[in-house]
Every structure is written in structure tokens, then in C-alpha cells.
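**Student:** For reference, the chains in residue letters:
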Amino acid sequence: MGAQISYDIAHLIGATVLMAGFQLLYQRRLFAVLNTFAFQALALAAAAAWQAHIQHAPHLYVTAGIALVFKAIIVPIALHWLVEQLGIHKNVETAMSIGWTMMAGVALVTLSILLVLPVTANAAALTRESLALAMSVVLLGLLMMITRHNAVTQVVGFMALENGLILAAVSAKGMPLVVEISVAFSVLVAMTLFGIFFFRIRERFDTLDLADLETHRGDR
Amino acid sequence: MLIAAALSALLALAVLGVAAGAEMWRHRMVYFCCMIASLALLAGGIKHLGQTPGTGPAIILPIGLPWLAAHFRLDNLSALFMVVVNLASAAASAYGIGYCSHLPEPRRVTPFYPLFLFGMNTVLIADDAFMFLVAWEFMSLSSWLLVLADHKNAENRRAAFVYLVMACFGTFCLLTCFGLMAGGEGAYSFSAMRAAKLDGIAGFLVVLLALLGAGSKAGLVPLHAWLPLAHPAAPSHVSALMSGVMTKVALYGLIRILFDLHGHVNWAWGAAMMVIGGITAVMGVLYAILQDDLKKLLAYSTVENIGVVVIGLGLAIAFKGSGEKTLAALALVAGLYHIVNHSIFKTLWFLSAGAVITATGERDLGKLGGLTKRMPWNGVAALVGAIAISALPPLNGFVSEWLIFQSLFKGPSLPHWAMKFGVPVVGAMLALAAALAAACFVRAYGIAFLGRPRSEAAAQAHQVPATMRWTVALLAVLCVVLGAIPVTITDALSHVVTPLTGVSFAVSADLGWPWLSPVSSTRGSYSGTVLVMTGAGLCAITLLLVHGFGTTRVRRADAWDCGHKESIPESQYTGQSFSQPLRRVFCASIFAARESVDMPDPGDNRPAEMKVRIIDPIWVGLYAGIGRVVDFIADLVNRIQYLTVRRYLLMMFATLVFMLLIVAVRQNQ
Chain A
266 MGAQISYDIA
276 HLIGATVLMA
286 GFQLLYQRRL
296 FAVLNTFAFQ
306 ALALAAAAAW
316 QAHIQHAPHL
326 YVTAGIALVF
336 KAIIVPIALH
346 WLVEQLGIHK
356 NVETAMSIGW
366 TMMAGVALVT
376 LSILLVLPVT
386 ANAAALTRES
396 LALAMSVVLL
406 GLLMMITRHN
416 AVTQVVGFMA
426 LENGLILAAV
436 SAKGMPLVVE
446 ISVAFSVLVA
456 MTLFGIFFFR
466 IRERFDTLDL
476 ADLETHRGDR
Chain B
244 MLIAAALSAL
254 LALAVLGVAA
264 GAEMWRHRMV
274 YFCCMIASLA
284 LLAGGIKHLG
294 QTPGTGPAII
304 LPIGLPWLAA
314 HFRLDNLSAL
324 FMVVVNLASA
334 AASAYGIGYC
344 SHLPEPRRVT
354 PFYPLFLFGM
364 NTVLIADDAF
374 MFLVAWEFMS
384 LSSWLLVLAD
394 HKNAENRRAA
404 FVYLVMACFG
414 TFCLLTCFGL
424 MAGGEGAYSF
434 SAMRAAKLDG
444 IAGFLVVLLA
454 LLGAGSKAGL
464 VPLHAWLPLA
474 HPAAPSHVSA
484 LMSGVMTKVA
494 LYGLIRILFD
504 LHGHVNWAWG
514 AAMMVIGGIT
524 AVMGVLYAIL
534 QDDLKKLLAY
544 STVENIGVVV
554 IGLGLAIAFK
564 GSGEKTLAAL
574 ALVAGLYHIV
584 NHSIFKTLWF
594 LSAGAVITAT
604 GERDLGKLGG
614 LTKRMPWNGV
624 AALVGAIAIS
634 ALPPLNGFVS
644 EWLIFQSLFK
654 GPSLPHWAMK
664 FGVPVVGAML
674 ALAAALAAAC
684 FVRAYGIAFL
694 GRPRSEAAAQ
704 AHQVPATMRW
714 TVALLAVLCV
724 VLGAIPVTIT
734 DALSHVVTPL
744 TGVSFAVSAD
754 LGWPWLSPVS
764 STRGSYSGTV
774 LVMTGAGLCA
784 ITLLLVHGFG
794 TTRVRRADAW
804 DCGHKESIPE
814 SQYTGQSFSQ
824 PLRRVFCASI
834 FAARESVDMP
844 DPGDNRPAEM
854 KVRIIDPIWV
864 GLYAGIGRVV
874 DFIADLVNRI
884 QYLTVRRYLL
894 MMFATLVFML
904 LIVAVRQNQ
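Protein chains in written order, with my numbering: chain A, 266 to 485; chain B, 244 to 912.
Okay, chain A solo, but in the shape it has when bound (with noise of 0.2 Å):
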């Protein structure tokens, strides 16, 4: 297989998750950001065995096999899990119009290229590419936990905010494994947490809408 044929491949991956991200920004419904949201580790996890596999690097397996059991798997399932079990609306409101947000997706997009391909002007073509994608992939999250009024959708955006770390890892040669799954265990331990805390303010609160939340503070 050619140069060529690899950075094609390695590209079409990260724009797969790019696009995943793109995705979660307007899906209405709670279920259906958690489904895209699985897809988008699953396309991670691809993305990190195709690097394991262009730069010799096994390591990134065990990267790509953290990403496929825990975050396409074990992560959507206990919010799916969780969902139910608070019995929460299906249906997710949005700060802002979905139009609206997509186009400041795009906008950001379109940042961390003019961003981060002047700097990474010496990198290899494939590691800019890739690394543009991730931090659009990240900017994506961060948009989302903004956009959302719904905790579990926050939590979401910032899971997929992780994702384009985890992305920016993973092309970039050399990163230690030790990093990659430290990051990941982070993750799930905070999942285990936000999932504690949906409780307890599910209990005290009856709902999980921020906006409703914001009532409650102290100082108000």
C-alpha cells in the first residue's frame, strides 16, 4: 500500500469523526446522541488501529481497544442505562437553532485549519490533517456543552470534546501509551461521577434541565 492510499484512509477516519461531531450538535433526540455518540468512539477506535498500523506503532491497539470497549461500548450503554433509570425527556432542547449552530460548527472548523496548518507548517501532511480534525473535533464538544441545556448532553459534549484529544493522540508519533490511558480512565471515572451526581440531583431537583437548576443557587 502507497503513502497515498494510507494518509486517504487516515483522512477519511478523522473526517468520519469530524463529522460525527457534527452530527451530535443537531440531534433532538437523547437516544440518538448517545447512538452518534458510540459511532464516534467507534470511528475513533478505527482511526487509532489504522494509525497502530501506518506507524508500526502496536501500542495504539491497546489505545484503539480502550476506546472500542469503553467509550463505543461500556460508556454509551451506562448512559443509555442511566437515561432510563431517571426517566428523563427524550427530547433535548437546544440553546440555540440547530441552523445556527451548525454554522458556528462550521466556522470553528474552519478556525483550527487556518489555525493549525500554518503552524504544524514542517509536520508530515498526514499528522496536520489530522491534528486540524481533532482540535475541530474539540471545539465541536465544547460548542455542544454550550449549546445544550440538558446535563446528560453536556456530559455527552464533553466526552466527545475527549474524543478529539484522544484523536490529536493518537496521530501525533511517539505519545506514550501511559498518557492515552490515563486520559481514557479519567474519563470513565468522571462518567461514574456524573452519573452519581445526575442522582443526587435528580432527588433533590426532579429534573436535570440546567435551566431549571440555575434557580436553586444560593445567590439568586
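Check each hint, because a few of them may be wrong.
[Stated by the list, open to error] With beta-carbon atoms standing in for the labels, derived distance ranges: (1) I444(B) / M284(A): 51 to 61 Å; (2) T898(B) / K438(A): 55 to 65 Å; (3) V448(A) / A867(B): 54 to 64 Å.
[Said to hold, decoys possible] If the Cβ cut is set under 8 Å, some of the chain A residues that face chain B in the computed set are: (4) L295; (5) L380; (6) L407; (7) M410.
[Claimed, not checked] Here chain A is said to cover these stretches of chain B; the calculated rule only asks that three of the stretch's residues, wherever they fall, bring their Cβ under 8 Å from a Cβ of chain A: (8) 266-272; (9) 900-911.
Since the hints were made in silico from the structure, they are not lab data.
Being a predicted model, the structure only gives us computed values, none of them experimental.
Positions of the beta carbon are idealized from the N, C-alpha and C atoms, including for glycine.
Fit chain B to the known structure of chain A by using the hints.
**Tutor:** Structure of chain B alone, referenced to chain A:
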């Protein structure tokens, strides 16, 4: 050596002041020692006043910032101000010996008083920007604590707050000013600043910041707002120093920066200063005329006198910038002379006000009256002070204002048209201010000390302790002396002026002692000495004649009752009625003064009321405006305090995107 010993003694006295506790004799002891220290510093100042430029004692102490030792130096200018500061300090300290027992809380005053003296003196001998600012802050903070001495009164707390804000503003300006002069290398010693040349925008900024920084301390309009609040709040001997001396230390800073450190002067800055000085003088005296509170009146009068001095300084800069060095020296001598004079007669008046407050417990003019009879010492001394401050010959106030006028008359000889037309305007302002000041002090003296008592407290007034009488008497004598030997004073001042203007100059050159002849021998000459001698001789002859040929019997008659049979004090002139014509003429436009009469309906037996409403344009326009802007910004910032979680995230996200945008734009250029 003497000076160093006296300064360390002042620091030690501050500790003693803390230890004084409730024992009144210890407080008296501290004031007595302060007086001795001030006298020692005064002697040190006089000793070094006439030295050849560049030979003054200098010392470098290894304290202060790690890379910058503390530089001290005593040149002629410092020596002159040391004399000014410590003359008044000695008088105020001596006054304090008697006065401190009348204070409600002497323990809140005594410890800070020596610190205040220490701060002012250290400003004068500092020879690097760091020491200067530290001493300046020392002076500000200790005087702030003194303003706050009677902190139970809400008005005093407000005064202290305004004072603190203005002091911080002033120091901030000076800090920036010195920073500009120190340049990129950070050469903070004054000798390095003298060597550096600043021009263009930096030079202008230095002048502007110096004017703002020192001007806020001295009380230039519109930065005068703290004076009339803080001076009445402090105990009288402290307010005498704040008004008579601390404002002079501020002017010292201005002179040091504009004439010494920042050598490149432009005549236009001088012209601007003259206009500011003229406005300050007129506004200050107009404010003063409207006041019923004796100490507030005096504080505003200080504003006026600062304006007069600044006119002199501005004129000196204008002359110096145009190359007229002799005239510059003349204007500077006039300004310095007025500084010396004002420190004496304003201290005298504040100490008199303190005596009035001690004797009657009142400082409202409407409740005083007839005090000359009950407190003859203070009455006579205040009369001398009033004559001096109104610039009447032969006392000292006249000489300095006359000199300023003489130098103003030479202003149109400058080649700039702005000066040709501007100088007469400033001269007119100065003349107006001088005339109004006379009216103001006729009012202050007449209402407070003459006539019949307007309240029970004034009728029961008693003599004050001996130290409080002697100090004002001595200051009154000084007023006469400084007016009687003007040539001696100007000769001493020309030593100070020579290194600043680069020309050796004697005001009496043409005619010699005792004639002041600043312009030429044929026109504009004055001799205070001859005038005093002649006046004293005439008085003696008159007295002799009257007592020799007149009757010696005492004839008693009823006091003039203005047509009122009843003995109501308001049938005399009151403070309000005295100032009403001036208020109608000048204040209707400037202060938006409006009079309204509240007439009761027929059958209603309440008295009719006449109300006067006065709006301070500077307070309303400038300070209240700034306050509103600050409130508005604070409200905006406060809103950030109560954002929702999602908005916090949004804020961070927006910041991140904004930063990334900057990076992206910079990269793609």
C-alpha cells in the same frame, strides 16, 4: 547631621506618641519634642539656604529597593522648603502643646503627628524617585490617619475617603511621571533624570502627570475636592500644616520636576499652567466667599493661594521656555515668596480657627462674633493675618502678589501672540481673585471677631492657653517682618532660583536695599521697609497727638443696633448677608446659585424662609460623572458574578475562540 538626628527623633517620637496613652503631660511632651525637632530642622534649612549650587550635603543610605540605595540631598530648593515646612511645624507643634488637651481623642493624633512631619521633610531631601514617592506616601497616609482622627463623625469618614482616593490618584500620576523620566533603563536617581532629555509626547506627558499628581495634592481646580473636606476634619494644628505646608510640599514636587528634573520646558506649558492657576484662584476664592464654616473657608482660600502661586510658576516656565531667563527668575522668586508667605498666614489663620473652636466649640460663622473683645490676642493676630492674606501693604502678602503682578506686566513682551493676549486675562483673574480674597477675609474676620456675639457660646468665649496665644502672635509678627524686609527675602530666594533658571538675579539690583525694583529703577519700585517705618512713625505721632491733646475720659454709648430695639444678633451683618451681593454677581452662573423665598400663606404663623441653593459644577460635572461611570462598570462586572453555569462555559469558550482568532489572523498575515 542635625537634620538626620532630627528626622530620626521624629520617628522615635511617633513611638512615644503611641506610648503616651491617657497621660496628658506625655502628649504635651511629645509635642514639645516635635517643636524642638522642627526648630532643629529649621536651623538646618537656614544653614544650607545660601550655599553655592552643587555643594549641598548628599548622602546615600543602603536602604530601599535592593538595586537602588536611598539617595538624599539638600540643595537650595530643598533648604528653602525645609525652612517653610519647619517654621510652620514648629509653630503648630508649640500650639499643639496647649491644644492637645482640648482634643476629644489626643491618642488618635499624637502618634501620627511626628510621622506626618517626618514624611514632609523626607520628601524634601529625597534625591531619587523611589525615596520621593515613599516619603510622599508617608506624608499622605499619616495625614489621612490624622483626618480620620475623629472617625465617629460620618462626615469625617467621607472626607478621609475622598482624601485617600485623591492621594492615591496623585501618587499614581507621579509614579507614572517618574517612570517616564526614568526611561527604559530605569534610572531612578534624580541626577540621572536631570541628565536625560525628554521631548515630544513624553515630555508633554511628564508635565501633564506632574501637574495632575502634584496638583491634586496642592489643590488645583478641579482636583481640589478633597481640601475643603479634609482640612476641617483634621484637628486644627494638623489642618494648619496640611493647608499651610503640605500643599507647599506638593508645589515643591511640581517645581522639582518642572524646573529641575525636566529641563526641556516649553512656553506653552507655562501658558497652560497660568490659565489653570487663574481659574484655580478665582474659583477658590468664590468658593471661600460662600462658606459659613470657618475652616472650610480657609481651605478654599488655600485653593486660591495655590492658584496664585501656580500663576507665578507658569509665568516662570513661559519666560524660561522663551529664553527670558531674568524674567523667569523674577516670576519664580515671586511664586516662592508667595509660598513662604502663605505658609505663614494660613498657618496663623488655621491656628486662630483652632483657638476659636477651643474657646467656643463652634466653627460656624453664624454662631461667632465679638471674639476680639474676649480673645484679644487671637483677635489681633487674626487681623494681621487677614490683612496679609488680603494682600494689603505693608504686610507680606502684598509684596509677593505685587511681584507676581510686576512679572505679569512683562508677559506681553513675549513674542507669542497667545501670551500677549493671554497674560492680561490671567492678570485680570489674579486681580479679581485678590480683590475677592480681601472681601472674603473682611467677611471672615468681621463676622467671627467683630460685632456682637451671635450665640451663647460666642458670648461665653474665654482665653485659650498661653502656647496657643504665643504661637499666633509670633506668626503675626513674622507676617509683618516678611513684609517689612522684602529685599532680604528676595535676595535669599534668588539663591534658590539661580540653579533653576541658570541666571544670577537680584530683584533689588537697580536701587539696592531696601527698594524692590524688579523691572527698572524708574518704574515699579516698592519698599516695604520705608512704608512700615513711615506708617509706624505716623501712627506714633497720631497717638501722641491724640493722647496729648485729646481727653482721657472714657465715654460709653450703646452699640449700633441697626434700628432694632431688641438685642437680636441677626440684626448685624451675618455671613450670609455679607456674601449675598457677591453671590448674586458671580455665583449665579458659576455655581447656579438660586435664591427662593418660601412665603407662608396669610393666617399661617410660621416664619418666611429664604433658601439658597448652590450647585458645585465641578463636583456635579466631574466627580459625580466619574462616579457614575465607575458604578456602571462595576454593575457590568457584577453581573458576571451571577452567571449561569452554561454562560460561564460560553464565556470561556468565547474567550478561547477569540484568542485562537487572534493567533490565526496573526499567522496568516
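**Student:** For every hint, state whether the structure bears it out.
**Tutor:** Evaluated hints:
1. Checked against the hint of 51 to 61 Å, the C-beta distance between I444(B) and M284(A) comes to roughly 56 Å, which is consistent with it.
2. Taking the beta carbon of each, T898(B) and K438(A) are about 31 Å apart, not inside 55 to 65 Å as hinted.
3. Against the hinted window of 54 to 64 Å, the Cβ-Cβ separation of V448(A) and A867(B) comes to about 56 Å, which satisfies the hint.
4. A hinted interface residue such as L295(A) counts as satisfied when its beta carbon comes closer than 8 Å to some beta carbon of chain B; here the least separation is about 18 Å, so the hint is violated.
5. A cut of 8 Å between beta carbons decides the hint on L380(A): the least distance to chain B is about 5 Å, and the hint holds.
6. Residue-level restraint check for L407(A) holds (minimum Cβ-Cβ distance to chain B is 5 Å; threshold 8 Å).
7. For M410(A), the shortest C-beta to C-beta distance to chain B is roughly 6 Å, which falls under 8 Å, so the interface hint holds.
8. Counting residues of the segment 266-272 of chain B whose CB lies closer than 8 Å to any CB of chain A gives 0, which falls below the minimum of 3, so the coverage claim is violated.
9. With a cut-off of 8 Å between beta carbons, the segment 900-911 of chain B has 7 residues touching chain A; three or more are needed, and the interface restraint holds.
Comparing the model with each numbered hint stated earlier shows that hints 2, 4, 8 do not hold.
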